[in-house]
Every structure is written in C-alpha cells, then in structure tokens.
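Going down the list, the sequences are from chains A and C.
Counting with our numbering, you get residues 1 to 95 for the letters of the first sequence.
Counting with our numbering, you get residues 1 to 190 for the letters of the second sequence.
Derived by calculation from the structure, the hints in this document are not laboratory data.
All the given hints hold, so there is nothing to weed out.
Calculated pairs, SDA-like style, for lysine to any residue (alpha carbon to alpha carbon, straight line, at most 25 Å):
hint, chain 1, residue 1, chain 2, residue 2
1, C, Lys13, A, Pro36
2, C, Lys73, A, Asp27
3, C, Lys90, A, Asp27
4, C, Lys13, A, Gln32
Predicted model only: the values in this text are computed from it and were never measured.
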Amino acid sequence: MHDDDAMNELLRETLAGDVPQLSPAFDAHVMQRLRPRRLAATDRVVMAAYSLAAVGTAAWLMQDLPIVWIVAALVIAAPIAAGVSAYGRRLAFGG
Amino acid sequence: MYTDHADAWLVEKCCESADDDAFAEIVRRYQRPVFRLVVSILGQQFAPDAEDVTQDVMVRVHHSLGSFRGEAKLGSWIYRIAFNTALNDKARVRYQAPHLGEETLAATASTDRGPHEELQDNRRRRAVLACIEDLPEVYQSALRLHYWLDTSVADIAVMLDAPENTVKSYLHRARQLLHSMLAQRGFDAR
Chain A
1 MHDDDAMNEL
11 LRETLAGDVP
21 QLSPAFDAHV
31 MQRLRPRRLA
41 ATDRVVMAAY
51 SLAAVGTAAW
61 LMQDLPIVWI
71 VAALVIAAPI
81 AAGVSAYGRR
91 LAFGG
Chain C
1 MYTDHADAWL
11 VEKCCESADD
21 DAFAEIVRRY
31 QRPVFRLVVS
41 ILGQQFAPDA
51 EDVTQDVMVR
61 VHHSLGSFRG
71 EAKLGSWIYR
81 IAFNTALNDK
91 ARVRYQAPHL
101 GEETLAATAS
111 TDRGPHEELQ
121 DNRRRRAVLA
131 CIEDLPEVYQ
141 SALRLHYWLD
151 TSVADIAVML
161 DAPENTVKSY
171 LHRARQLLHS
181 MLAQRGFDAR
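Looking at chain A on its own, in the form it has when it is part of the complex:
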C-alpha cells in the first residue's frame, strides 16, 4: 500500500467516532441570550418604590441648600450614574 493511502486509512480509523450534534433548541438558546433581560413585576415595584424614596429623601435633605449646590450635585452625580448603568449593561449582555 502506498504511504499516503496507508495514512489515509489510519486517519479514518483513528478519527472514527461519534460525531457531536447540535441540540435542537440551539437557536432558541442563542436568541434567549440576546434578548434583554426584564425584571419581574415584584422587582419592578421594589425598584420604583426605592427610586421614589431616594428622590424624596434627596429633596428633603437638599431643601435648605442653595440652588447652585443642588445643580452642582446633579452635574456630578448624573454622569456617574449613567456610566455605572452603562457598565452594568455591558457586563449583563457581554457587549
């Protein structure tokens, strides 16, 4: 037998074996991974209550402060909150 034919045969024998198959729901799993994750109804209520309480407390604490300080606090806090939120989304969706 020619060397190349013998190697051909040896490779067929050695690499013979079960061929792995993709699971039938593969495409559904991928689409699920890409879908934005939504909070459950209870979690949304908790988040809304927390946001209202946070805004209320901040307003109560800042009521006696000069308007310049309030604007400065907003200017500093808003970009930080947006950055943290974007970072969190990137972590969650692997973008």
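Once you've looked at the hints, dock chain C against the given chain A.
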C-alpha cells in the same frame, strides 16, 4: 419566516431595525456549519464544549454585525469569527483540562484482535492523536472535518475560506507531516 431572503437583506434588517427574526434566520442558516467548524478546531477531547463556543460565536456575530461591510460573503465572515473564537476558547479549555481523554481512545479501539495487537493499535492511535495536536491549526481543522466529520473538500473550502486545491494541499501536507512525526516516534502508518 424570512427563509427566502438573501443574507444581505437579513443583515440590513438586523442593523436597521434590530429585527430579532432576521437574526434568528441567520443563526438557523449558519449554526450547523459553524458548529462543525468549532468541533473541528476543538477536537474530540473538547467536543462537549463545542455548543457553548458556538453560542459565543453567534453572540459575537450579533454584536459585530454593524461592522460587517459586505466585502466578503456573510458566511466567510461568520466562519472567520468562529475560527478565531474557537482557537481562543481551545487555549482556555486546554489549560483547564490538559489530558487526553481515555474514552476517545477506547471508542476507537478494535476488539477483534489479540491483546498485543490491540495494545499496539492503541499506542499508535494515541500517537496519531498527539501528533495531530502538534500540526498547524488549519491542518488540524481540515483533517478533523474530512476524516472525522466526513465533510467534503468543497464544504471545507467554504468554511476555511480557501480554494479547494488549497484544502487538498492542506490534507496532503498534513498526512506527510504526520507520517514523519509518527516515524520519529517509532510508528508507521501501515
């Protein structure tokens, strides 16, 4: 849905209107060849990880679809992402599980020979599998696609984005290299 539309139309739909159904159609079209390509790169011992890696490929394709310029075919672009992703993941998976699985050898062992011949065959198979791991990645992938996954040269050429004659020469060169690597270890192909 969308099964009759061309790839370019699907890409446009995904990019312009974030159409999930269009991307789902792209996944359905390419999931099997991408999976085969990933399996061929990971090899037999890491095949159980192939589905997760294929999912990572599809997620990466989704995130990068905006940068697809349409200069190459969508399939070639996806296969290139699959090849690179699988190579990176193989390095990571190999680091976590560096030993060759015994079941891989047991699954291919012949049982109708004497114990001495069987032992000799097992040694030779182990040597062949070890030598394949030392070949350049593109040769390994071509060999596994052809001999294990029974993929035609034409289909391998599409997956590896190379002309058919180049794939034939990959296979020929890989056999030659294996022959000399086995000879160095004291085995021959016969």
